[in-house]
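K.L.:
For the record, the sequence lines run as chains Z and A.
29 is the number that my numbering gives to position 29 of the first sequence; each next residue is one higher, with no gaps.
8 is the number that my numbering gives to position 8 of the second sequence; each next residue is one higher, with no gaps.
Hints may contain errors.
Any copy, or any two copies together, can satisfy a pair, since identical chains are not distinguished.
[As the list claims (entries may be wrong)] Using 30 Å as the maximum straight-line C-alpha spacing, the simulated DSS-like pairs for lysine-lysine come out as follows:
# : residue 1 : residue 2
1 : LYS400    : LYS7
2 : LYS20     : LYS7
3 : LYS173    : LYS223
4 : LYS295    : LYS397
Just so you know, the hints here were simulated from the structure itself, not pulled from any lab data.
Bear in mind the structure is a predicted one, so any value in this text is a computation, not a measurement.
Below, each chain spelled out in residue letters.
Number of protein chains: 2
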Amino acid sequence: LDSGTFKQVRRMLNGLTPVKIAHLLESSPPQTRRALWRLVDREIEGEVLQELSDDVQSQFLRHMDTQEVVEITEGMDTDDIADILQQLPDQVIQEVLSAMSDQDRRRVESVLTYAEDTAGGLMNTDTITVRPRLTLDVVLRYLRRHDEIPESTDSLIVVNRQDEFLGLLPLGKLLTTDPGVTVREIMDTEAEAIPATLADSEVASLFERHDWVSAPVVDAGGKLLGRITIDDVVDVIREDADHSLMSLAGLDEEEDTFAPLMRTTPRRAIWLGVNLITAIIASAVINIFEETIDKVVALAILMPIVASMGGVAGSQTLTVVIRGMALGQIGRNNLRWLLSREFSAGMINGLLWALVMGVVVSVWFEDYTIAVIIAAAMVINILTAALAGALLPVLLKSVKVDPALAGGVALTTVTDVVGFLAFLGLATYFYA
Amino acid sequence: LDSGTFKQVRRMLNGLTPVKIAHLLESSPPQTRRALWRLVDREIEGEVLQELSDDVQSQFLRHMDTQEVVEITEGMDTDDIADILQQLPDQVIQEVLSAMSDQDRRRVESVLTYAEDTAGGLMNTDTITVRPRLTLDVVLRYLRRHDEIPESTDSLIVVNRQDEFLGLLPLGKLLTTDPGVTVREIMDTEAEAIPATLADSEVASLFERHDWVSAPVVDAGGKLLGRITIDDVVDVIREDADHSLMSLAGLDEEEDTFAPLMRTTPRRAIWLGVNLITAIIASAVINIFEETIDKVVALAILMPIVASMGGVAGSQTLTVVIRGMALGQIGRNNLRWLLSREFSAGMINGLLWALVMGVVVSVWFEDYTIAVIIAAAMVINILTAALAGALLPVLLKSVKVDPALAGGVALTTVTDVVGFLAFLGLATYFYA
């Protein structure tokens, strides 16, 4: 690039909002991404960084020294600073913290105490608190002394002298009530505060269910620590929903679409390796029936159909159950009903397509024995698949294995093995 | 149930929040669900109904008459009423509308003009508007005349006499600025309004990118129609994320986990039928090589491995690309880079596992020819799978077919056909 074009590109880029710059960076291959990042103005670097997904963030952070990290995090929200620090080596974290003002350090440290995937890790410390005995008039005057109110503030938080959470004062109520009334009289004491140790997906479902915009976070003693805002919760919802999709393909939900080759290849290699083992197990099953196949070669032609139909039927059930579990809908009392529905659906669809396949095979091979065998094997495998698809995720979860990650492979192993066993086993019986 | 227990259950149920009742209903099989629904108090029926997913909502709505629908929608937000009406037959819609007050009818009709999956269909008409020439003092007094402010109101909307959108007045600014200042002086004129025809997934990405809590909706002439709030956007985000997951298994993203048998079976049957066709195509390919398999039965034992490894490699690429497309990250300029990365990743992982499999087969069958053949076929199929996984969604989208729905089947067809062709074709060449 000559320097004229260069300047023009820089001006165009920095004319965009930080949000758009972040989207552009995330939509670029690594080299372009690095080149664009170098063109971003110093003053907005921090804002852009905040908008990037963790995976992309860390790609840039790795190349920064402590001083740069200190500069870039200046003026950021405490939860965003904590997010960024969590991706750095311990030593750099300490250096960055010691470069902060006492107050900021204390705030960031309080967020860092909690794991990234808990309410404490999600929270921000920019709360505006009021005492219950104040009149609204005093509260309004107190607010007017602020230059601005933190974003997504829909309520002020009411606390006592010990900073213990008492309730919420919604701005809507503050604005529509007579100024002579006290906070205590109109505050919402039914409002729930979130314990700092609550898992982030639980936080997300609380927000979703109650249509919250922000919510207070408290420690075990009920003391106010900070608040969580909907924009951070939306990220959690997106990640949770991504998790099932990406895990079923053995990928990380944080995966950057334009991750460099050497970053994306190893994880995929492991998954292919796991699959190779299950595929070899399926082949070992076929191997048992070598003689039968040698006698009736049509079996080799047809056997993938039985395995494949079981795989598809099972993955439908698996997907419904994994999503239901992610939404917290599946428990002991409804599992039985779910199993019986899946069994019935498997029976109906198994019989339907077994019949169709029986007719196709009769016409294709003009052999009624093999038509009956494949129909019977399909019913057996589709039924097994339905039950396995419903039970595997529950079993995996009970032994603390992620159903979204392991469910797909476990299911394919079952449907391949049962499919080949049923089809070739029946054939051996009839043709022996 | 005797009447004592019955009363107790009813009391417990109605003691829960509408949100929790809705979650309980969604986590129940059909019969329990209907029984519980009958126990819900009349006064909160509407609130509970609103919290249910469309699929479950419509199960209850089907059994209501016009009068019941009128009663239940009383006091609901206009967008929620529109949501419910859209699931009813045209005649019932007309009857419900004519039972409403003039003002309510006009509002609901304005939402109904727009498709459910657009900004217009998502919007609510409960806006609070102010004129630019007013002082903040007047605005504060105007607000105090309201009993309450609509939920998720973080800004008042500034309009002119013709109701055309001019800008936003954030409550935070209203509360921190001197009351003598006019709206015009502090209103945010950079704030974007959303066109009513914008697709809901675009609306969601605007909200996500800008961390909005609510945003105004305008018609083509810039006239204010209503506003969209984050709680409705969260539902869109959840549905969009669900879409890829559910579609890949041939399911509807609205699917109720506890859908009755007769509702869930037909859709799954269609998907199994589509898969049966692709499986038969794969079998037809194997059929071409009948003679070779008859000669070397080990081919039948090993061929599923080649197809399966291609399937897994392809689905990894497919998942990354489908998610990238859903996030709006993939376009003409970066597709080439993506293809080349997938090609390289496929080459590396293909060679790695082909080598491993070659060794396994040499030991297992003590036949070096077949070891070389399976290794070569695996490399070919994994490479093809990587390219197909990246290109198929783009091709499908360009012919306006949903990549999430059709991508998986199309990919399996490719990896099965190419896998069997490569493996059995090479074997025919070497053993003929």
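K.L.:
Hints broken by the structure, by number, lowest first?
P.N.:
1 and 4
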